[in-house]
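**Q** Letter by letter, the chains look like this.
Number of protein chains: 4
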Amino acid sequence: MSGNPGNLKVTVWNEFLHEKKAGGKPAEIYPQGIHAALAAHFSAQPGITARTATLEEPEHGLTKEVLADTDVLFWWGHMGHDKVDDGIVQRVQQEVLAGMGLVVLHSGHAAKVFKALLGTNCSLKWREADEKEIIHTIAPNHPIARGVGERIILEHHEMYGERHEIPEPDQVIFISWFAGGNVFRSGCTWERGLGRLFYFSPGHETYPIYHRQDILKVLVNAAHWAGEPAAAMRAVQGGAPRTGTANSVNEKEPVHPL
Amino acid sequence: MSGNPGNLKVTVWNEFLHEKKAGGKPAEIYPQGIHAALAAHFSAQPGITARTATLEEPEHGLTKEVLADTDVLFWWGHMGHDKVDDGIVQRVQQEVLAGMGLVVLHSGHAAKVFKALLGTNCSLKWREADEKEIIHTIAPNHPIARGVGERIILEHHEMYGERHEIPEPDQVIFISWFAGGNVFRSGCTWERGLGRLFYFSPGHETYPIYHRQDILKVLVNAAHWAGEPAAAMRAVQGGAPRTGTANSVNEKEPVHPL
Amino acid sequence: MSGNPGNLKVTVWNEFLHEKKAGGKPAEIYPQGIHAALAAHFSAQPGITARTATLEEPEHGLTKEVLADTDVLFWWGHMGHDKVDDGIVQRVQQEVLAGMGLVVLHSGHAAKVFKALLGTNCSLKWREADEKEIIHTIAPNHPIARGVGERIILEHHEMYGERHEIPEPDQVIFISWFAGGNVFRSGCTWERGLGRLFYFSPGHETYPIYHRQDILKVLVNAAHWAGEPAAAMRAVQGGAPRTGTANSVNEKEPVHPL
Amino acid sequence: MSGNPGNLKVTVWNEFLHEKKAGGKPAEIYPQGIHAALAAHFSAQPGITARTATLEEPEHGLTKEVLADTDVLFWWGHMGHDKVDDGIVQRVQQEVLAGMGLVVLHSGHAAKVFKALLGTNCSLKWREADEKEIIHTIAPNHPIARGVGERIILEHHEMYGERHEIPEPDQVIFISWFAGGNVFRSGCTWERGLGRLFYFSPGHETYPIYHRQDILKVLVNAAHWAGEPAAAMRAVQGGAPRTGTANSVNEKEPVHPL
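Protein chains in written order, with the working numbering: chain R, 1 to 258; chain Y, 1001 to 1258; chain W, 2001 to 2258; chain V, 3001 to 3258.
Keep in mind that the hints were calculated from the coordinates and are not lab data. There are no misleading hints in this set.
The calculated DMTMM-like cross-link candidates involving lysine to aspartate or glutamate, where the alpha carbons are at most 25 Å apart (straight line), are: (1) Y:K1025 to Y:E1155; (2) R:K132 to V:E3253; (3) R:K132 to Y:E1253; (4) Y:K1132 to V:E3155; (5) W:K2025 to V:E3251; (6) V:K3115 to W:E2251; (7) V:K3125 to W:E2251; (8) R:K115 to W:D2170; (9) V:K3132 to W:E2253; (10) V:K3115 to R:D170; (11) Y:K1115 to W:D2170; (12) R:K115 to Y:E1168; (13) Y:K1115 to V:D3170; (14) R:K132 to W:E2155; (15) W:K2125 to R:D170; (16) Y:K1083 to Y:E1057; (17) R:K20 to R:D82; (18) Y:K1252 to W:E2131; (19) Y:K1252 to W:E2155.
Short derived list, chain W residues pointing at chain R, Cβ under 7 Å: (20) H2136; (21) I2175; (22) G2181.
No experiment lies behind these values; they were computed from the predicted model shown. All C-beta atoms in this analysis are idealised placements derived from N, C-alpha and C, irrespective of residue type, glycine included.
Based on the sequences and whatever the hints tell you, model everything.
**A** Encoded structure:
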C-alpha cells in the first residue's frame, strides 16, 4: 500500500554551471553545487538513498540505468536549459509517464523536461529586487505540506509572479506573496501518465534557500510523495524495469463476447 | 450557440491519405475527403466561415497567415502522423497557447500536436470489430453537449478503450460504451495557455460518422466553444495578431513600492 | 460578452441590513442598498434585465416564481446569514443544481447557500486594516476575466486571506495580494449539477467598491458566464420551468438488449 | 511521511436493515451484516484496527468519541437514509472537514453525509436486471488501484448508470461498463477540507460482492488512502483531538508590517 517502501531512490539533477564560477555567490553558498547539498540532505534521511547527475556528465548523467533506478528526479536548471539534449529530455519524459516522480525547482520552470510534460511555455514574471517572499500553505492536508505550518517567510528572494503559463494544477499547495505586489502559485502538483510532478519555486542560486530546514522539509516531503508510485512498483516488481504505456494496444479479443 | 461573435473562423485539417486510395471505403464515404465534408457543414452554419488544409500542401496548409486567421483548428490524422513537420507542430502549439482552439478527432489522439500539448503519449486500446458504441453525455450543461441528449448510438464503429494515457481532463463531456466490454472517455476538454482543447473520439474513416447530424451537432458546438476565446480576441483587437506568452517578462518596477 | 442569448435575467439578493443603519458608511455609499446599485448597473447593460430581492421581504424575495425566472442570482450577505430560512436555502440550491447560475460576493463566503453547495465551512482569515489589495488575473482567457487586464488595485479594503476552506476550484480566475502579507483566491469557479458558481471576494460594505468600473466589469462578465446555461435552456424550452435531477431514475429498459 | 502510520483506525457504518430481514438474500450473504463482514476483513490486515457502528445504536453508534478515534469511516446505507439524524450528519461532515476519511459505498450515493459534503443530489440511473458489470481501472497509479489490474468483472450486479449528479471528481479511478449499455464512474475521489473522500459503487446487498478478494483489495487500499491524513495527524498530535477549521479567524496582526 501507500507509504514507506523501505528505500526511496532519489536522483538530484543540476546543470551545475552557476556554482562553478569562481568568486560568485552561488559558489560561496553551494561550494559543491546545489545537487550535492540537496543529495547530502536526502541521504541523511532514514529510508532515502540519493545520488546526483549534472549537465556536463556523459548523457547529462541520466543514463537509462540511472533513470531506471530512480524513484524521483529533482531538477535544477537555468542558464543551461538549451544545452540539454532533446534525446535525454524524451527519455526523462517517458520515465515520468512510466511512473518516475519529477520535482522541478525554481528556474526549472523553463526546463525542457518541464515544458515537454506540461505542454506549455511555463513563462512567468520575475524581478531581482531582493524582496520578501511569504509562502502560504493552501493545501495543509497534502503530504507535501505536512509539518510545514501556515507559512514560510523568506526575507530576501527573487520575485516570480503570475501569470505562470501552466495548465491548471491538480492541486495548488503553496501560493507566494512578494513585497513588491506580486503573487505566485509557488507549489503545484500534476500527474502525467503514471508519474507525479511537483513544481516548487523557491531556490534562486544567490540565496542560501536550500540550507533552510523549512524548505528542506518541503523537499523531503515532495521526494516521498512524488517517488511513492515508482517505489511501490519496485516493491512489487522486484527490480524489474518500469514499463510505460507509450504505444496503443490492439485488444483483439473483446472482454465481453460480441 | 454560446458566444457567437459574428463570424467564427474554422480551419479543418486532415492528412487526407485514406480517402485518396481508389476503391476504398473512405473514398466512397468521403469522396472529397473528411476535411471537405466537415468544412462544408461548418460553412453552412450561420456565423461560421470554414476552410481546409491538408498534409501534402506546402507547410501542410498551415502557414502563419492561415493559423493567425483561424479561431479553431480541427485535426484528423492517422497513418501520416510521422509525416507532420516538427516546425509546424510547434507553430500550431504556440497558436493554441496564444488562444486558438483545437479540436482533435478520433485517431488524432496520437497526433504530434495533441501529444505536444498534453505531454503524454495518449496511447489507448483499440479493436476493429464493427461493434456498437453508445456515447453517454456526462456533462449535459456543457456548451459542447447542448442539444445532444442523453446519448448517441453508433451501431458500428471501431472500439477505442481505456486506459487512454491523457492528463486528467478539465471535464469529461462524454463516456462511450462498447459492446465488447470496453469504456472510453470519448469527449474531454483541457485548457492550455489561452487556448481550449476538445478531444472527440468518434470518426473512424471507414464509417460515415461525420455525415450524422448528431455527431455534427457536437462538432459545431465544439467549434463555437473552442473557438470562442480567439474570436473574442479578434473582436477586441480588430484583426491584430494574437500575442502569446512564450517568454518570461522581467517586471523591473514593483506594483507596490519596495 | 460570451453567449448573449438576447436577454439575461439577473436577480441581485442582498440581506440589506448594514445600509439601513442611519449614519453609517454603508448607508452613505449605497443609499438604496448594494442590491439596488448592482441591479441598476446590470439593467443598464444591453441584453440584461435585473431585479432585486432582500432578506426582509416575504420568502426573502426568493419565491419559486422569482427563481424560476432567474438565470443568475447574485448573493451579498453578512450579519444576517443565520436569518436566512433553511427552506429557501434548499430552494436556491435545487435551482442551481437545475441550471441557475450563482455569484457569491465577499462575506457571502459564509452564506448558507454557498456552504450548502460546496459542502465546506468556507472559513478564512480576515483583518480590517484598510490595506491595499491587488487582484491579479490568473486565467486571462476565462470569460469572467475578459477586458480586465493583468490586475485591479484597490487602495483600501478589508483583508481576506488563505486558507479559505473551499473545495479545489475548477478554475482560479483571480488571486489577491494584501499589503499585510496575505494572499487569497479572490475569484473562483465551480460547477454543481447543471449550474455554474463564481465566488468573488471584493466588496466590503464600507468601501465604494461596487461603484468601480473595473469591478463592475468583472460582475457583468460573471453574470453572462454563470447565467449562460439557464438562459440557453430558456431559449430552447420557451419559458417552461427548469427540471432538475433531484431524483434517481429506474431505467428499466436496457439501452442494449441483455 | 505518507504511508503506514503503524495503526489505521477504521469504523464501518452500516444501516443494517436489509440483513435483519429473515429469509432474505442479504441475511444469507451477510448473516452478521455488511459492516461485520467488512470490519472482520479490515481487522485481519496488518496495521488496521476496525470497529462497527449501525443506525439503530444510540447516536447511530457515531458518538463524538468514536469519530474522534476514527481515521476513516466507511458508509453503507440504503432504505434508512431518511432515518439518519441531521445532527449526526453534521458531526460526520465536520469530522471529514477536520481530516477524517470517508468511503461511501454503493447506495450510499444518496446518503445525507455524502450529499452534504458534495452539495449535489447525487442522483443516478439504476436497474435491477442481474447484468454483467466490468469495472475498468482508469487511474492505475492511484494508491486505491494498486494491485487491482486492468479490470474487475462482476458477472451479476445491479446497474448504476450516468449521469451521476456529482461534482467533477478530483480523479476518476474506475469506470464501469454494464451489459445493458450503461457506463458509470464507479470509483471517484474528492477532497473536502482536510479530509479525503472515495465513492465506490459495487456492493448491492443481494450479491456477495464484499466477499470477493478483488473488491476487498480496493477497499483496503481505500482505507489506507482516505485514512492517511487522520492517521498522520494522530502520529503528530499524540492523540489530541482533531481541530477543524469551522470558523473564520481575525488575524489582527499583519504578517508584513503595514
